[in-house]
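Engineer: Each chain, written out:
Number of protein chains: 6
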Amino acid sequence: MSKIIGSSLPNIPWVDKPENYKMPIWRYPQNPIIGRDAIECSNSVFNSAVVPFKDGYAGVFRCDSKSVSMDLFPGFSKDGIHWEINEKPVTFLGEDKEILKREYRYDPRVCFVEDRYYITWCNGYHGPTIGVGYTFDFKTFYQLENAFLPYNRNGVLFPRKINGYYGLLSRPSDTGHTPFGDIFYSRSKDLEYWGHHRHVMAPIREDASAWQSTKVGPGPIPIETEEGWLLIYHGVINTCNGFVYRVGCALLDIDEPWKVKCRSKYYVLAPYEYYECVGDVPNVVFPCAALTDADTGRIALYYGCADTVTGLAFTTVNDLMDYMKKYPL
Amino acid sequence: MSKIIGSSLPNIPWVDKPENYKMPIWRYPQNPIIGRDAIECSNSVFNSAVVPFKDGYAGVFRCDSKSVSMDLFPGFSKDGIHWEINEKPVTFLGEDKEILKREYRYDPRVCFVEDRYYITWCNGYHGPTIGVGYTFDFKTFYQLENAFLPYNRNGVLFPRKINGYYGLLSRPSDTGHTPFGDIFYSRSKDLEYWGHHRHVMAPIREDASAWQSTKVGPGPIPIETEEGWLLIYHGVINTCNGFVYRVGCALLDIDEPWKVKCRSKYYVLAPYEYYECVGDVPNVVFPCAALTDADTGRIALYYGCADTVTGLAFTTVNDLMDYMKKYPL
Amino acid sequence: MSKIIGSSLPNIPWVDKPENYKMPIWRYPQNPIIGRDAIECSNSVFNSAVVPFKDGYAGVFRCDSKSVSMDLFPGFSKDGIHWEINEKPVTFLGEDKEILKREYRYDPRVCFVEDRYYITWCNGYHGPTIGVGYTFDFKTFYQLENAFLPYNRNGVLFPRKINGYYGLLSRPSDTGHTPFGDIFYSRSKDLEYWGHHRHVMAPIREDASAWQSTKVGPGPIPIETEEGWLLIYHGVINTCNGFVYRVGCALLDIDEPWKVKCRSKYYVLAPYEYYECVGDVPNVVFPCAALTDADTGRIALYYGCADTVTGLAFTTVNDLMDYMKKYPL
Amino acid sequence: MSKIIGSSLPNIPWVDKPENYKMPIWRYPQNPIIGRDAIECSNSVFNSAVVPFKDGYAGVFRCDSKSVSMDLFPGFSKDGIHWEINEKPVTFLGEDKEILKREYRYDPRVCFVEDRYYITWCNGYHGPTIGVGYTFDFKTFYQLENAFLPYNRNGVLFPRKINGYYGLLSRPSDTGHTPFGDIFYSRSKDLEYWGHHRHVMAPIREDASAWQSTKVGPGPIPIETEEGWLLIYHGVINTCNGFVYRVGCALLDIDEPWKVKCRSKYYVLAPYEYYECVGDVPNVVFPCAALTDADTGRIALYYGCADTVTGLAFTTVNDLMDYMKKYPL
Amino acid sequence: MSKIIGSSLPNIPWVDKPENYKMPIWRYPQNPIIGRDAIECSNSVFNSAVVPFKDGYAGVFRCDSKSVSMDLFPGFSKDGIHWEINEKPVTFLGEDKEILKREYRYDPRVCFVEDRYYITWCNGYHGPTIGVGYTFDFKTFYQLENAFLPYNRNGVLFPRKINGYYGLLSRPSDTGHTPFGDIFYSRSKDLEYWGHHRHVMAPIREDASAWQSTKVGPGPIPIETEEGWLLIYHGVINTCNGFVYRVGCALLDIDEPWKVKCRSKYYVLAPYEYYECVGDVPNVVFPCAALTDADTGRIALYYGCADTVTGLAFTTVNDLMDYMKKYPL
Amino acid sequence: MSKIIGSSLPNIPWVDKPENYKMPIWRYPQNPIIGRDAIECSNSVFNSAVVPFKDGYAGVFRCDSKSVSMDLFPGFSKDGIHWEINEKPVTFLGEDKEILKREYRYDPRVCFVEDRYYITWCNGYHGPTIGVGYTFDFKTFYQLENAFLPYNRNGVLFPRKINGYYGLLSRPSDTGHTPFGDIFYSRSKDLEYWGHHRHVMAPIREDASAWQSTKVGPGPIPIETEEGWLLIYHGVINTCNGFVYRVGCALLDIDEPWKVKCRSKYYVLAPYEYYECVGDVPNVVFPCAALTDADTGRIALYYGCADTVTGLAFTTVNDLMDYMKKYPL
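Protein chains in written order, with the UniProt record's numbering: chain A, 1 to 329; chain B, 1 to 329; chain C, 1 to 329; chain D, 1 to 329; chain E, 1 to 329; chain F, 1 to 329.
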């Protein structure tokens, strides 16, 4: 039995696993929980980052507007399922105008560390890189320096310092629809200067696990367990008709998170449903956030569907660990 | 209040805007109005060009046969919604066999100017270029010289001479699935010799209006209004899983139509419905014709869906103008 | 009236052609007959090869696992519609470990010649090539030498020797999502050494039959008729949003099967249904097997749908012959 | 014996053909006649257009500056071999600022028709197209409307009206290093409105004449002969290490110049010498101008070498005609 | 000390190794020995195949004509250095017109086995494949069946049967400037039916031996030595400015030649000289033939230079073996 | 008059500017100063980094071996012109084996800061990134953490701390022959953790300065002057036959070096000479080091030529400043 190290979350959104269901992750039956037109200006709402907040939930959402401009929007929910998203995007405060200048913002993650909620996202600064900011209340947001040079996507913080350092996973990229991508780990004393970059994992180029043969990138904030950090990540294959984004998981060493202790050979979630297969970018499930309840091991997974809407799915730490060990790479 | 300059069309196909509907264009509920098998040989019927004709409507339709050969077919309708399309393609008459020789024909537009219905289309002549022809009765068709050298697509005539010249919008291209495209204006005294080419508008390469970042091309015959020519056009973005075609609008100067007075930042129609997202070419809405009623400002928009079927949608000149001004580029 | 030369198959799966149906092939109404999760580990089950076996049917199925590893699995059915597929892939016996070493296996065909069932498939050996094996009972399988050097796909045997030689159709390719492809014929005395390679047919690069403009490849085992070999094949067009795979047919000379006597200009099956248009690879119908009944001329066609599930469709030798002659290339 | 129809040019630059030389064109021994640093700011001087002018010669030269900005520069010579090129580029006068605005200019041709020297060149106007201008004295230059919509290169006028129309050859292209290209003919009454576009010739895609398998484009002003228009053109092959530009010739019908009466299978000039094989773009010979002497049939050919320097070569109308007929396509 | 197993060739072309020369292969000082204009129609003469013949030498040469048509030409020499090449290409005799029909022919090898000279070459048959023919006298040539299906290049026979089979190395490819390529071994009883295909060696994708990171292909007929078959092969790297072709060597098992016993990490010949670096395809040395003298271990290596001219270089079996062992992969 | 801030270097290699020479940089007449075979194993020696050391000079050289393996080699010279390069590559000492593991190393720069010589280079660590190390004596070398995540090239340190931080210029890239590239500035307190990334300059995509239209990257260590940091950098254009690398210069703000005060429109050095135009990668001049003498303003520039040999050229701070100001961007 695996155990999550973390807080209780008794009101975690939850639906029991359907009987005889064989996959380790099962969907919320009323998916998508957030439609493409959740706010007036939106073309699509997906790749969302949610956290427990006060007696409910808050989040930062990627809403592409009807100009297909990409930006971050705060949102709030009582139950984690029904969301109110602000009509106005996040405005960041900060000292250096050079950094505050917005080119585009997408694919946020939110991570509570110590006393505040950190947001990391893909931030346009002469190319995509990892933006970093924080908020205490999801009303006022502060922006820090970009973590890295371009070109990079999918910056994912660890929920506590490791050996005295903030830890950050990311996927260096190129300027376009990158046809490659490994996961790397970086660390920082101050969230401003980063170093000690370590390779975590690469695509599996061969038949053994072809769903992750083109690129892999980190998904939600890693989940601390007694066995290590449970990482849910996306993997991509390049078919003759485009990329297919699926979801896998891995177990990272608790002190040296760049060391992979176990990694799923089988995907744990893939585009099966209409809203995952049909949309602005067909065949995409893209996980960006997970709520966890340490008491029960329950995990509620939020994921973008076809770059158009937001889905919710459920699993437990045991389901993922067992599946990963049953079908190891 | 904007006003269309043109004829009354009391029997224009029409459905009122659904309550609380926020987009400026709304669909005909029984879409698609023309299925892929509208005629026996057809694989798909889309990108259609319709005009008022006698007490009803006539049109020229792109039907790709079950050999996926692209040709133009005349069709007729009493109400603009239910169409009878000929089983035989258009045969053009003319003097020069070099020009009459058919390679392929697609994406027609029909434009009534002065005394006859002109047809322009993408015409294969050692590469795609703009074919020009006319008919009085949609039975006998005459072909003129190609307007331009290859490679070009989407030739769209203005419905009256401007300062004594016929005007023609088009989108120069390359020989394949062109990854670029601007709209240009050309003029002619005689529909045979063209010149005075002027740039009208380019894609918006940045986040500000990314739905039109790869290419833009003219759609239906421009609609004359008191404020200028209302142009409905298509815009394309290149995702990792292919092109998405959407619809926008712009206002062109009445005397110098290459001068853009206003242009929509937000798209006005995009692939949302199954028949727009799924088909031979997923995620395409492609407008080719608009009926207008000057009395009411109503516009009935015909558009190809997923390169497979034909859809119908409704708007008014005010809806488009207001939306364009509310979200200007 | 065309006539199949072959065995009776009174229990061939069958549904009569719907009234007024105009295409030469019609689908089984309860398609797909095999879902993507037919076995526990499968992501998708498609491109299947079935034959009459004992008093029912047996087959070899391409099941991509949830790691998207491609392998061959035996399966059995009483009626050709409801299938039990083994949870374990085929294991081949043979003498040379170099040949038995599995890289990946996909797109099998099964062909009964003389005394046994031969299996041919796309076999990974430093690149894709044509693997050859046989079984008597679909329990024990023996692997022979690969027929060709890489790079090749779609090896399809003839069901009897022709002029004393085994005959094999194939589609030479490259290492990736090959954007070209012709059908070739090769022959062998012993199924080990192949030669006398002859070109059979090329894509039609022009508008005349654009659905087969990018590549063509052989499908099910050719069907012997009084007029020649009836070949059902796949053809591919490259759209701006990816490849579309459709189905055509041709008539090959009975003694010199590289000579094409007739070839369909129109496709005979194309992606129309949801399960053909939506899936891991949208817009694919890919035929790999056909059951035939010489008494009635009936043909039951098995085909992969969207690289995800397996469909069944029906036709007769007369339907195909007539359609091919009505719309000749 | 072929005969040039045109003026005498007794002082045409000339060197006799070396003994036993077997190719129809031979080089000036002191090539290149214009070095890359002919003017102070130049990186390269090539693809030059020269004509007889007063008692010597004048020309318009493509000089790429040391910023690799492409522009046109007037130049003068007494003997056609030693040239003085102005340090300042051509400034065009004209009425419409939209047309006069310079993006870039390159690959000029100069053609005397009736009373003035017309210049055509590749003109940047939201993409490359054919600019048109004229001068009487190579001091004051006037710019007319662009002949065509983008994208086009290599506009080459005929030296007299044909059936009352100005004639213009060109090579439609795309926006980059175009991997295709045919020659087309267009005509105009007024040099402003162009039409009656006719295909002249395409690349030879096969082994028969592979040096011209990728694209072909017109070179110098066509030379009128008793047998038709003698066209010297460039042809390109795409090797694994880039394009190789060579030179061929063709004979066009005197009244319908889009009809090719004869065309060389063998090239007549190719990169052999160091200054043709080594430079900013290796392996390019690119002909842009030819002086002719009707009395002797002599032709002095000016051509760009490796996109870096200017070469001079010699031939006669008989040499070219004989070679073309000896090795016909 | 390594020893060649084979005939004496006392009059082998030879120049001693320059003093202090450190590379294992040294050039003939008067290179190139055959210029691009060796025959009247030739654009280039390279990739040549020579053998001892009577009291001198004969060969089959790739001459690209001045139409850049690729064909094979017989040639003769007394000393192996000065060559007379026929002005007319080889004409093959044979029974099946389908096979005799010439599309294009290039990169020949000549191999004496038992009683005749076999020629193998890249033969156009609906794509490049390996043509096979033979001659007794270099006057009359007979063509056999193509060895393989397309797409393949560089067919190289072994000079004797191995375990009763003819052996053939080749490099399967695609239809263009193939960016991949491994060497395979095939065998045949009768030179008509081929099988038992075995992988020999792949490119080295990493820094360890990057000169051969894109593709490798067999060069001259393998040289039998006491230690195994000495294979001289070409290797290619893809730079930002194109492919560079270099030369390496390997030692293959004498009975199972698909087993590589040793392989050079360092190249043994690379483009250094002007005629190797500059030409129609810069930076190519491409070995196609080797003369050997068993008495002295001398090897005279013929190689194409820049796809333009023919070079000659010298080495010994010891030089190659020692170098290969000194810098093993 | 501009003035270098730095040390005297009376024995700087030097040749006076040729009379009437108009470019701001002139070559050493006996170039290349280091040949491709400077050490026994080398295929090429280029992109070299040299500094004053003791009474002469030392450097770290990129030598690609004859396996085309890329590594760093120490070298020494008395006069800066004649160099002895070690036969063995640099071995780095350090604590973490993960970092010390060599994949490949190339394009070094050497920079003296405070008390030691820092080396930065392109270091393979699951993709190219910026390696950092130091030496006191060019005998013992210590390696630090990589500065950045992959993918990055051309790490160039500033020769003193700026506002208390080490400064580092670099060019983020992709995994291959990157077709884009901007220069960025990063800073660090400890050479281990880097942040405060600022954009410095981008390519000039248009005709105005097309030689630097594809990518730009920093060259030698910036030279401190009274007006700011003088940066010599490389710029690249993409022609139809590959990249051409040229050299430009810019003036950066002394305290905020990401602010560009002036930038050359014209290149200051470009491939003109044989050894710059012909070699393993034609048409490359790539500057990596500069010696300076504060007394005279002299600069000796070391640059790689055609990725094959090393060239030396001369200029002065005034020559560069004047030229940059005369032709500003």
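Honestly, the hints are just simulated from the structure, not real lab data. A portion of the hints provided could be inaccurate.
Because identical chains share one entry, a pair is satisfied inside a single copy or across any pair of copies.
Heads up, simulated DSS-like pairs for lysine-lysine below, C-alpha to C-alpha not over 30 Å straight-line [what the hints assert, rightly or not]:
id	residue 1	residue 2
1	K161	K97
2	K78	K259
3	K261	K88
4	K88	K325
5	K326	K97
6	K326	K139
7	K88	K259
8	K189	K101
9	K325	K101
10	K259	K189
11	K259	K101
12	K54	K189
13	K97	K189
14	K54	K22
Engineer: Hints numbered earlier in the text: which of these fail when held up against the supplied structure?
Structural biologist: Of the numbered hints given earlier, those the structure breaks are 2, 7 and 14, listed in rising order.
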